[in-house]
Amino acid sequence: NAGVTQTPKFRVLKTGQSMTLLCAQDMNHEYMYWYRQDPGMGLRLIHYSVGEGTTAKGEVPDGYNVSRLKKQNFLLGLESAAPSQTSVYFCASTGTNYNEQFFGPGTRLTVL
Amino acid sequence: GESVGLHLPTLSVQEGDNSIINCAYSNSASDYFIWYKQESGKGPQFIIDIRSNMDKRQGQRVTVLLNKTVKHLSLQIAATQPGDSAVYFCAESPPDTGRRALTFGSGTRLQVQP
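Protein chains in written order, with the numbering used here: chain A, 202 to 313; chain B, 147 to 260.
So here's chain B without its partners, still in its complex pose:
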């Protein structure tokens, strides 16, 4: 399956640079905020999540920042590599499904230039 949309916002970075992908979320009551990565022809893959009572969480080469004041979420990728080229989706876990379902954003395409 393909996820590539014709009109997705695109971020182009040089290999080795840091990337910052941004997302605005809608539901202030969501308990968790999550980032997924979707490579061409594949299903989305979980990257990292952050609980609503935190403002920063780090993983391997990735950092997620949460600003609840302005309902903003960002994903920072350190030393971006060609394998990071993909579409990145933010998602939130709204309370009305008991956290069992996620609401996904529309995605940002990351292109890594060699």
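Excised from the complex, chain A in its bound form:
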């Protein structure tokens, strides 16, 4: 099993550009999450999903949108990127033990 995979691994955007980050998991997990990680700030939850077709806002949802059209995929979109969105983005999923989240390797995004 590949676990949780993220695409792309790195990306550089100009202010105002849009992009979509893709997260995929092959563990048949119901719950999926998107976090951002900034130096010294730990992980902050952007959006999460408790099942196919459902999404919910986390701690820092502004400027991001998400979709969960298929159970195995969770997409994070930036419609108009801003330098404040420069960060490392992690996707995670979890099964029956909500406390044990399985994380992907991360996407490093730089917005110029």
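Hints in this document: simulated from the structure, not taken from any laboratory.
Please note that the accuracy of each hint is not assured.
[What the hints assert, rightly or not] With a cut-off of at most 30 Å between alpha-carbon atoms, the simulated DSBU-like pairs for lysine-lysine come out as follows: (1) K217(B) <-> K202(B); (2) K188(B) <-> K272(A); (3) K258(A) <-> K188(B); (4) K202(B) <-> K210(A); (5) K217(B) <-> K258(A); (6) K271(A) <-> K210(A); (7) K210(A) <-> K258(A); (8) K271(A) <-> K214(B); (9) K210(A) <-> K188(B); (10) K210(A) <-> K272(A); (11) K258(A) <-> K271(A); (12) K217(B) <-> K188(B); (13) K214(B) <-> K202(B); (14) K272(A) <-> K258(A); (15) K215(A) <-> K258(A); (16) K215(A) <-> K217(B); (17) K188(B) <-> K202(B).
Small disclaimer: the values here were computed from a predicted structure and weren't measured.
Following the hints, put chain B in place on chain A, whose structure we already have.
Below, chain B alone, put in the same frame as chain A:
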């Protein structure tokens, strides 16, 4: 992806010594408290969790202690090894998301000296 922060608190220990990493949590209503480990260039990895009605739980080479009176959580690592070098995050499971989402702390870097 990298998690290394420039200003993370750092704990430096000698190989073979025991390590104690501390965390102060904020929400008294959280049901669970969890520790994660993040190695350089990787995503965080679950270590151990403890329910709020417990004060101690042991795993393989790790022990988590919970002091609800002072809202304090600690992770003890026995016989620390070079592979334990990483950033350690505590997390809590607040009730407002039905335990489905976690709130993470800012992390502590553990450096193991050979």
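Each hint, compared with the structure:
1. Restraint check for K217(B) and K202(B): satisfied, since their Cα atoms lie roughly 14 Å apart, inside the 30 Å limit.
2. This hinted pair checks out: K188(B) and K272(A) have alpha carbons roughly 24 Å apart, not beyond 30 Å.
3. The hinted pair formed by K258(A) and K188(B) meets the criterion: a straight-line CA distance of about 25 Å does not exceed 30 Å.
4. Taken as a hint, the K202(B) and K210(A) pair is broken in the structure, with Cα atoms around 38 Å apart against an allowance of 30 Å.
5. At roughly 27 Å between alpha-carbon atoms, K217(B) and K258(A) fall within 30 Å of each other, so this suggested pair holds.
6. For the suggested pair K271(A) and K210(A), the alpha carbons sit about 22 Å apart, so the restraint of at most 30 Å is met.
7. Among the hinted pairs, K210(A) with K258(A) is consistent with the structure: their alpha-carbon atoms are about 24 Å apart, no more than 30 Å.
8. Only pairs whose Cα atoms come within 30 Å are accepted, and K271(A) paired with K214(B) is rejected, the gap being roughly 40 Å.
9. Note on K210(A) and K188(B): the hinted pairing holds, with a Cα-Cα distance of about 11 Å set against a maximum of 30 Å.
10. Proximity of K210(A) to K272(A) is assessed by CA-CA distance (about 22 Å); at most 30 Å being required, the pair is judged to hold.
11. For the hint linking K258(A) to K271(A), the alpha-carbon distance of about 18 Å falls within 30 Å, and the restraint holds.
12. Restraint check for K217(B) and K188(B): satisfied, since their Cα atoms lie roughly 29 Å apart, inside the 30 Å limit.
13. As the CA atoms of K214(B) and K202(B) are separated by approximately 11 Å, the hinted pair is consistent with the 30 Å bound.
14. With a C-alpha separation of about 18 Å, the suggested pair K272(A) and K258(A) falls inside the 30 Å cut-off, and the hint holds.
15. This hinted pair checks out: K215(A) and K258(A) have alpha carbons roughly 25 Å apart, not beyond 30 Å.
16. A C-alpha spacing of about 43 Å is found between K215(A) and K217(B), which places the hinted pair above 30 Å, so the restraint is violated.
17. For a cut-off of 30 Å, the pair hint linking K188(B) to K202(B) stands: about 28 Å separates their Cα positions.
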